[in-house]
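Starting from the known structure of chain L, fit chain F onto it as the hints suggest.
Heads up: the protein sequence lines correspond to chains L and F, in order. The first sequence: position 449 = 449 (the numbering used here), numbered continuously. In the numbering used here, each residue's number is its place in the second sequence (first place is 1) plus 1000.
Possibly wrong hints are sitting among the right ones.
Stated by the list, open to error - Chain L residues, not near chain F, derived (Cβ > 12 Å throughout):
{"#": "1", "residue": "Glu11"}
{"#": "2", "residue": "Val25"}
{"#": "3", "residue": "Thr30"}
{"#": "4", "residue": "Leu186"}
{"#": "5", "residue": "Met196"}
{"#": "6", "residue": "Arg233"}
{"#": "7", "residue": "Thr237"}
{"#": "8", "residue": "Lys259"}
{"#": "9", "residue": "Lys295"}
{"#": "10", "residue": "Val354"}
{"#": "11", "residue": "Pro357"}
{"#": "12", "residue": "Leu395"}
{"#": "13", "residue": "Leu438"}
{"#": "14", "residue": "Glu459"}
Stated by the list, open to error - Partner residues are not named here, just some residues of chain L that face chain F (Cβ under 7 Å, in silico):
{"#": "15", "residue": "Asn17"}
{"#": "16", "residue": "His18"}
{"#": "17", "residue": "Gly176"}
{"#": "18", "residue": "Met189"}
{"#": "19", "residue": "Leu190"}
{"#": "20", "residue": "Arg204"}
{"#": "21", "residue": "Gly232"}
{"#": "22", "residue": "Glu236"}
{"#": "23", "residue": "Arg401"}
{"#": "24", "residue": "Ile402"}
{"#": "25", "residue": "Ala412"}
{"#": "26", "residue": "Ser417"}
{"#": "27", "residue": "Met418"}
{"#": "28", "residue": "Tyr436"}
What the hints contain is simulated information worked out from the structure, not anything from laboratory work. Beta carbons: idealized from backbone N, C-alpha and C, even for Gly.
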Amino acid sequence: MAGGSICGFLEMIELLNHLVFGLAVAVSPTNVLLCLAGCFLGTLIGVLPGIGSIATISMLLPLTYGLDPVGALIMLAGIYYGAQYGGSTASILVNVPGEATSIITAIDGHQMARQGRAGVALGISAIGSFIAGTISTVFIAALAIPLTRVALEFGPADYFSLLLMGVLASALLSRGAVSKSVAMILLGMLLATVGMDLETAAPRLTLGYPQLMEQIPFAVLAMGAFGLAELGRSLETPENRDVISRQIGGLLPSLSDLKQSAAPILRGTAIGGFLGVLPGNGALLGPVASYGVEKHLAKEPQRFGKGAIEGVAGPESANNAAAQTSFIPLLTLGVPANAVMALMLGAMTMNGIVAGPQVIERSPEFFWGMIASMWIGNLMLLVINLPMIGIWVKLLKVPFRILMPSIVVFCAIGAYSMRNEPFDVALAGFFAVGGYLLIKLGFEPTPLLLGFVIGDMMEEKLRQALIMSRGSLAIFIEQPISAGLLALTLVLLSVLLLPRVRRKRDEVIVE
Amino acid sequence: MPNKDTSSVSDVGETEAKSWVPTQDFVAGIALLALGGFALYQSAGLPTGSLSAVGPGLLPRGLAFGIVFMGVLIILLDFTRPGERLGIVHLRPPVFIFAALMAFALTIKPLGLLGAVPIAVGLAGFASTETQWREIVVLAAALTVACIVVFGYLLTLSIPVGPSGWPVAAFAAFWK
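Same shape as in the complex, but just chain L:
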């Protein structure tokens, strides 16, 4: 008993040590500046209605090119949090959520804004997000080492099976028809094979373009298929923004507001933190689940939908907690849980970091710096967003027809400047049209991106495993970890494809 508690105490000290070490990396002036710039730019683009956080990150990806890996990831994390927060701001003030995760916030948040309490809604969402972010950062740090130890036991065959499970689970749990998701994953993997084969140096599917020998640049694909395609889609519907014209009101919630929100924030953190680790749209389900729980627990559920502060505090905390904990599979296993994490993984690769359990050993400053910067990013949001709310409101009033050409030009410059290659700009344009048409045909671009990022890793692991086994596929069943993961995949597959579960899935996800 006593031994256990001493052990626990030592582990706590170790955890604190790691976090302090990480903070030391993250608070270097350059990194704080990068985090600040990331948060600012992320909010700037994320606040634009109709542009979600994936599109925001895709378009800002080239900015991180050429930075050192730690700085690049810190900036990217800042962009991510900024984009998320910008989405909430847009949904509270305009009722046109920038992204799916903000839809829930819009329900009660926009009502609060109509009652002249926009400031309080924004304030509580920032405070809730900060608390959720702080708790989940500690949670990530605590889980990182044990999980990494497990992951280090993994051989190539085990990895292959893990990736297969991850990719199938995300297809099953994403929006739209499963068959279409699977097709998009395959297409993403196919795009990943373009370029020179690593072992034989044979050019694959390059159509004769020398610029494609080195693979399709990840940022160009993301920018085209996500950012620009989404831009095209939002041009289809005429502008109809109902920006709140009333006073924003004070930002600080009153004591009774805080009392009402405390429990929802904590519950939201727990719900979102748990769901965020799951593959696929787990992070998306966090706010939905939290809203449902709060409505269920409330003494007067009829207040929901009419400006209940719990309906903002809970889902916003869940959203942010999920955004944080979805880093866990990426940082410990090197497996992205969702599209945003796929973007992060792509950015890591772009900046020369091989994701996976070895990161923590090989570049601890990267690992702990990144985790500490999550917390700093959350703090930054609190510091820069609340005072700057006036700017965001003004920005929301700039017509889209002016923003759109500016965004196109910035994307063009971004695509060009990564390799000083005009070809990449044209390629982004090509992917923009392709992505737009795929959206029109009812395909989701998210699994495509996941497939593109995972495809490379899967091919590498598959080849390694087959070399080890001298060409026998039996290795995937003979290795115990791999066999277990494959069995789990089969169970998951059969459960989720049961008609009853499937109908339920559709209900939850379409919501």
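Below, chain F without anything else, positioned relative to chain L:
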């Protein structure tokens, strides 16, 4: 001609009556067949190797077959149930965004930001039906100046500022 006020959601209802409009899934399946087929054709020359010595062609061909298979599956599934009809595809936004990027790609090396930015802004302006041309002219001028100052001088990205040989020798090193 893209419509101003019909969103694709309401188009579905209108087109339901015209039975010749294909379902979304049918077209989606055909698109997959085309993509997979194209990849198969392009990777035809790559050796697939064997399981003990995987060649460069195994994965592209395997994936292309997978895509073709999914295409067939989606078409077959489409026949078994009444599917959503294909909504109206507004070609204007993607076509002009594509044109803007293409123009930027072609003009950035010879003309630099000074030429590429206004051309791209002008073409992107066509993507929206709500564009007001006086605004676009002002925007193009402002963005050109801003991009030259920020990207050319402040961030010193190695991006050409003006046409080759312009403006000063200080940037000559960047023009190749």
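Comparing the hints with the structure gives:
no.: 1; hint: Glu11; in the structure: 43 Å, holds
no.: 2; hint: Val25; in the structure: 25 Å, holds
no.: 3; hint: Thr30; in the structure: 15 Å, holds
no.: 4; hint: Leu186; in the structure: 5 Å, violated
no.: 5; hint: Met196; in the structure: 9 Å, violated
no.: 6; hint: Arg233; in the structure: 7 Å, violated
no.: 7; hint: Thr237; in the structure: 5 Å, violated
no.: 8; hint: Lys259; in the structure: 42 Å, holds
no.: 9; hint: Lys295; in the structure: 28 Å, holds
no.: 10; hint: Val354; in the structure: 20 Å, holds
no.: 11; hint: Pro357; in the structure: 25 Å, holds
no.: 12; hint: Leu395; in the structure: 15 Å, holds
no.: 13; hint: Leu438; in the structure: 8 Å, violated
no.: 14; hint: Glu459; in the structure: 5 Å, violated
no.: 15; hint: Asn17; in the structure: 38 Å, violated
no.: 16; hint: His18; in the structure: 35 Å, violated
no.: 17; hint: Gly176; in the structure: 11 Å, violated
no.: 18; hint: Met189; in the structure: 5 Å, holds
no.: 19; hint: Leu190; in the structure: 4 Å, holds
no.: 20; hint: Arg204; in the structure: 6 Å, holds
no.: 21; hint: Gly232; in the structure: 4 Å, holds
no.: 22; hint: Glu236; in the structure: 5 Å, holds
no.: 23; hint: Arg401; in the structure: 5 Å, holds
no.: 24; hint: Ile402; in the structure: 6 Å, holds
no.: 25; hint: Ala412; in the structure: 4 Å, holds
no.: 26; hint: Ser417; in the structure: 5 Å, holds
no.: 27; hint: Met418; in the structure: 10 Å, violated
no.: 28; hint: Tyr436; in the structure: 4 Å, holds
The structure shown violates the earlier hints numbered 4, 5, 6, 7, 13, 14, 15, 16, 17, 27.
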